[in-house]
Amino acid sequence: MDSTTNITKTNLKRSITTRYIIALSLIAILSTIAFYSLHKVLEESEQTAYLVNISGKQRMLSQHLALDAYRLYEAKFKENSSLKISLYEGFIDKYSKEMLEANNILSSGKKFDKQIYKLSPTIKELYFGSTNLAKRVISYNELILNLKSLEDKDEYYPILKELSVLSETLLSDLNIVVLQYQKEGEERIQLIKGIESFIWGLTLFVLVLEVLFIFQPMVRNIIELTNSKNKLLKTLQSEVEQRTIHLENANKKLSDMAYHDPLTGLKNRFSLEHDMEDLLKQYFEHHASYAVLLFDIDFFKKVNDTYGHDFGDFVLEEIAKIFTSSFRIGDKIYRTGGEEFIVLLNRISYEDTIKIAQKTLELVEKHPFTKGEITIYKTVSCGIFHSDICETSKYKEILKYADVALYEAKNTGRNKIQLYKKDYKELHPISCS
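To convert, note that position 52 of the sequence shown is 52 in UniProt numbering; the numbers rise steadily by one, no gaps.
Bear in mind the hints are in silico, worked out from the structure with no lab data behind them. Accuracy of the hints is not assured; some may be wrong.
[Unchecked claim] DSS-like mimics (lysine-lysine), calculated; alpha carbons at most 27 Å apart, straight line:
1. Lys281 with Lys400
2. Lys94 with Lys110
3. Lys267 with Lys378
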């Protein structure tokens, strides 16, 4: 009997040990798969953030290049500033190099000749299909780089106009690429999360079997292991959610950067066109008077030449603050390049327009621009277009009218406002419709 008992004990021990080893092996395997799945979630999240970031950067660079091409035109043929020409050509070289590097990574999936991801059919179609983004980005950069060698205004300006059209279409298609990368990244993460949930459920099932078929003392350890795994899953899920929120904030920041001046925080020229079209629509639908004010800082070049560009940037920031406090809450203020600002005033009379513009000039004139040991005073000139003087349905003509008025203000003493008048058409042949 003792022999039989010993055999039974031995068999029981072997059986329990075998089941224990199987249970532990299953737990080890499932834990490894769960860890790998969670690791893949984080890895895919990082890759998605990287791809969205670099594609968003490419989108932003396309607009920087277009803006600098316009600034280069102004510097070459209007301001004749060799310093600005050199500066903007340097910006063009830098941004073009970065944009082409981003294009190479996004269209090949390689970084430093190492494959970092595989292009999906949709991405391949965007870069090499009918949209042909890879070639268009290269052609776009070649077109901008060629502008540096042009010294003839008549040759430069048509290319600049063509570039303006290309910039808008390229921006739209690059935005599609950003959204596609984000969509694909989210889909991959969702797939891995599904596998993760399946493994989690399977793990619980195995744990229940262990409770039923493994001796009672193991129950407590199994429960503790389950709680530990649940805590790990929640922690990692929280990290994934935080990374997703960070990614959304980064996308919003990129969008803001594309439509706002990075120095002053004001809107830039790219948002001006849309806002002016809305302003004209309101005018023709509701007959609400409006005004467009074009400001230019007097003798601003002397500030940069005398005190340096850092102080010049400080002056621009201070001017932006003065404008923000001077105009009404609903008025829209833009920095459209260099020392030029545009303000859109909706639902305002001719008389109130003059008052608010004069008030702004006085605020600027009295404001001490102090930084460190340097204090200077500056003035601005203002050209005004008001809808009661001349009616037009084209925003570009409105900007021309305001520019004509600004030109008159500059030529007749500066530090003054000048309203556009119809008799200016004789000197500047543009039509009021």
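For each hint, the structure was consulted:
1. Lys281 with Lys400: Between Lys281 and Lys400 the Cα gap is close to 19 Å, so the pair holds against 27 Å.
2. Lys94 with Lys110: holds (21 Å)
3. Lys267 with Lys378: holds (23 Å)
Violated hints: none; the structure is consistent with every hint.
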